[in-house]
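There are 2 protein chains.
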Amino acid sequence: MNAASPNGSNGTVGPNSDLKDVFELAQQLRVDSVRASTSAGSGHPTSSMSAADLMAVLLARHLHYDWQRPDDPGNDHLIFSKGHASPLLYAMFTAAGVVSEEELLTRYRRAGSRLEGHPTPVLPWVDVATGSLGQGLPYGVGVALSGRKLEHAPFRVWALCGDSEMTEGSIWEALDKAGRYGLDNLTAIVDINRLGQRGPTELGWDLEAYANRVEAFGCTALTVEGHDVAAIDKAFEYATHTERPTVILARTIKGQGFSEVADAEGWHGKPLPPEMAERAIAELGGVRHLKVRGPGPRPYQPPPRPTPQEVRLPEFEPGDKVATRSAYGKALTALGARPDVVALDAEVGNSTHSEDFAAVYPGRYFQSYIAEQQMVATAVGLSVRGWRPYAATFAAFLTRAHDFIRMAAVSRARLALCGSHCGVEIGADGPSQMGLEDLGMMRAVHGSTVLYPSDATAATALTAAMADLEGISYLRSTRGAYPVLYPATERFPVGGSKTLRSTAEDQITLVGAGVTLHECLAAADTLASDGVHARVIDLYSVKPIDADTLVSAAEETGALVIAEDHRPEGGLGEAVLSALAERSAVPRFAHLAVRDLPASGTSAELLDAAGISRSHITAAARRLLSR
Amino acid sequence: MNAASPNGSNGTVGPNSDLKDVFELAQQLRVDSVRASTSAGSGHPTSSMSAADLMAVLLARHLHYDWQRPDDPGNDHLIFSKGHASPLLYAMFTAAGVVSEEELLTRYRRAGSRLEGHPTPVLPWVDVATGSLGQGLPYGVGVALSGRKLEHAPFRVWALCGDSEMTEGSIWEALDKAGRYGLDNLTAIVDINRLGQRGPTELGWDLEAYANRVEAFGCTALTVEGHDVAAIDKAFEYATHTERPTVILARTIKGQGFSEVADAEGWHGKPLPPEMAERAIAELGGVRHLKVRGPGPRPYQPPPRPTPQEVRLPEFEPGDKVATRSAYGKALTALGARPDVVALDAEVGNSTHSEDFAAVYPGRYFQSYIAEQQMVATAVGLSVRGWRPYAATFAAFLTRAHDFIRMAAVSRARLALCGSHCGVEIGADGPSQMGLEDLGMMRAVHGSTVLYPSDATAATALTAAMADLEGISYLRSTRGAYPVLYPATERFPVGGSKTLRSTAEDQITLVGAGVTLHECLAAADTLASDGVHARVIDLYSVKPIDADTLVSAAEETGALVIAEDHRPEGGLGEAVLSALAERSAVPRFAHLAVRDLPASGTSAELLDAAGISRSHITAAARRLLSR
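Going line by line, the protein sequences match chains D and F.
The first sequence begins at 1 in the UniProt record's numbering and counts up by one.
The second sequence begins at 1 in the UniProt record's numbering and counts up by one.
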């Protein structure tokens, strides 16, 4: 039996099935969306019902996928940008035979379940976590970019979007890049059900308005009746043969199939009460047990990646003045010997020094222009396909992508971010360009690694280390050139620190990283000339942090000054306090940080004005010692 | 002398001056941009030179402004979205007679100067800080919205944009809203010089591509030769008489007027070396000392605002279960009695309860749809015109607007933000919807106030207090309903706390806010039944923090457990540690926070899984006491 009979509810639906059987599959997806969410007591059935026909046609006829082998490199990618339609997605998994009906009906949204409220990659068929709207399509651009520009692979990327999320600027960054990169392997499917969470969407069913925007951004717009399976089928077929990315604008009805909620306000994100669910299931033709066997993966054997060349990291002469951002660029270029490393820019590559990489590996370098959200999203998408992306911009402008970085962690993405031009150290450009919140932002990302080198040798080693770290790693680089402190042979384990000055008689510990480490060293010299022995710690690994060394220093010296070119909240100071407090080892403590709003000036003037320069460190140390 | 003579360089240029005199003014702006940046040794002369003709025409003929009275309510607003063109802006101020040539040539980008690298409102003629690209135009939408929808005032808003920033999604959020709100008083002027920081922009001089996008987003596009003062003049004239917002797409040449750098790569953000500057000034026709007297402000007397009605805040019965988000909505609605309070939503007003306000004051409620960046930008723009905006979305989604919030502080904006649905407490929706980084993000904002009420009475009082706070204030609200703890008469000063349990024999202090405060109370009950006296502190004011109470508690009890529904970094725990460490009063300390990646479940299940529930607080207290 290859197809469901017209009245059958147990058949298998596939590419050659009659479209009315595909419609039966759609009805099953609706029924199962209702059942799952009603059983859970929460969820978004009506947002699932509007897209059920679109997804049934996709699943049966166009999604090339081996459900038993989600890692097959020839599999298409399906991304639910409207992650709240998880009942629909999970109902599709049930139809595909990989999630049992029992699991769907008893585990959805329950504690410990993989069927979370919004999809995450704990499910092997889910590439990226969604639920923060306007993100799934941007990730899809990254995945499609890998297929088209890096792998030359035949898979396609399908992203199901909600209409409400089309007001997010990130969607337009994504479509702009899709058009620019010529991602003909990407299809966005917009479920235009005209109703958002709290009422009508901005553009309602004005499909022409959407189409004009899509076309203006370099993609092909197709409008379609979203409950006409034949029309949908044609649109998908067309989308697979255009030379541009396609956006299918589907006019749909929220709650389609159940007259009591169809096109009605007030039903967003609400499960149907049990007795209503029963009526819905009846109106939808009852429970079905169809299975789907869609087209298998496209034949694709990824070519063996070129043998990694030896990575020859740059070396620097102690004493020479080199900016850590410059070391980042050189180290990144050296890492290009690894064929899995790719680099991304947001039109500041000559400042972050990402551009060094572009000069040697132009094929693995992607220009995002000034679109930080899409830069991070592309990185996440590339990581889905196994690449090791390095994305850099000014530390200040990474705040633009905060929500994407937060979600990248939920996606279990592996990516390296670099934020340059941190702190008041940048000088005359002023506060708009100063990264003063980045350490706090990045520390709070789940599972993140936060690195802040003080010299070119450390920057090089840490840039290299990021290629093999799990999760989101972040390196903070500095604009100005400062003396190289370490020989090229020095090792910088993540979670470590360097004690640069230490005697048995140390009376105080000075802790810094980046520019403030150099200020700490100068302060230690001044204190030494007064006969005060100061220990100096280079805290290059902010997270994880070297608690042992800090606790020893606190206990042995009894006083600690920390200076950071960052706001006092969430940065080095609080990281150190947390580490010390956990071991009940907080000594007399002075925390120098950027507490006022900086303006323009030279680096030295601004460090001084912020109270984080050598003279302030020296004074703070003296104050602590006199207590 | 009303007009500069063709050869004159000391005249006054005004609305009736010959256009060739306006061109002379443009040349002066170029010369002064070169002189200012060369004298400073940094800055963006070439980006200023491309827009000089546009700005000369605007200044002389279209910008209605009284330079001696920047607070005149009839003044137009000029926003440099391309803030790096500050030499041009400051040269305009010099031409307008409000910044001396000496100040321009000796103070630009210097320490302590008001002529910062990127403009900020320390200058009375600057409304908002810019420099993070893609933000000025969005702020302009907020200012124009005030003029059109709230004030019905005649002023116009002019925003000078760079072409590079047109790739930021936020620009399209702004144009979408400008079109939707019908802001015919807004003109964006895009300086399309085709060269970004590191090379050609994405769209180069493809003015048609820009125009298609602009029109698709509901605005009128005008293309113009950006160095043809007559054409520019006509375009501005046209823009003031259309019924839609206008985007003037000006084809310009970067470095225009100096052949050595005109249209050349490699000259972004670089001052001309002194000898080159001399040649530039010569080619530009030498130094001029023209003054400009453009059209004065449009006659406008703002109608007296309606007498504030008495604000009757909602009252809640202790013991009743009420969600703080619900109290926020009720308090905000009560505050509507103040005629200066406005509210903004990002299509979740039924969740944040902003919608309560809309029901009573629809004319002061603005729907941003799902565009958090624009929601915050609109709030900033409204604050420029003296409104007290309250903008709310899920705490998680405020991360989307992080860069705008950061810059709002540099703009010295006054606005109230509310983030609802914080923490794992939200339950089944999962991590994408959980605000777990918001306290850290908001604490690190310069001058911010961070509030986290635990009951409806506190939420009400703090929501009301935000209306009179300076800077950026933030209130974190909770999804679920918990018992009202305080009578309506209770006061909640910003910077205070509440000690809910206290005896002379307290052995330990439990600190919480929001849901964890309720968990702390339950833990204290359990401990009490074991004969352990626990002090309980409601830390409703996270920043500023009540250091005195915390230090006393630490010193009197010697042990402290803090539990927060937030990541361990940057939130309550580190705020408390910072306060205690500054006074050398860190006791034995246990910090319970959300350390793993949460999934779905009930509130109680997730609080327990995260280790921040009553049982974990009790256990942590016992562990500390046994040390």
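Be a bit skeptical, because a hint or two may be false.
Any copy, or any two copies together, can satisfy a pair, since identical chains are not distinguished.
To be verified - Derived lysine to any residue pairs resembling SDA-like cross-links, with alpha carbons at most 25 Å apart: (1) 321 <-> 150; (2) 149 <-> 604; (3) 270 <-> 321; (4) 291 <-> 468; (5) 498 <-> 244; (6) 20 <-> 317; (7) 270 <-> 481; (8) 321 <-> 41.
Hints are computed from structural coordinates only; laboratory data are not their basis.
Evaluation of the provided hints:
Taking the shortest alpha-carbon separations for residue 321 and residue 150, neither the intra-copy value of 37 Å nor the inter-copy value of 56 Å comes in at or below 25 Å. With identical chains, the CA atoms of residue 149 and residue 604 are never at most 25 Å apart, being 45 Å at best within one copy and 47 Å at best between copies. Proximity of residue 270 and residue 321 under a CA criterion of 25 Å is satisfied inter-copy only: 22 Å between copies versus 61 Å inside one chain copy. For a Cα distance limit of 25 Å, the shortest separation of residue 291 from residue 468 qualifies neither inside one copy, at 40 Å, nor across copies, at 61 Å.
When the C-alpha separation of residue 498 and residue 244 is checked against a cutoff of 25 Å, the pair qualifies neither within a copy, at 52 Å, nor between copies, at 61 Å. In this assembly of identical chains, residue 20 and residue 317 lie within 25 Å of each other by CA distance neither inside one copy nor across copies; the values are 73 Å within and 58 Å between. For a Cα distance limit of 25 Å, the shortest separation of residue 270 from residue 481 across copies, 18 Å, qualifies, whereas the shortest one inside one copy, 57 Å, does not. In the homo-oligomer, the alpha carbons of residue 321 and residue 41 lie at most 25 Å apart only across protomers (21 Å), although the nearest pairing inside one protomer, at 62 Å, exceeds that limit.
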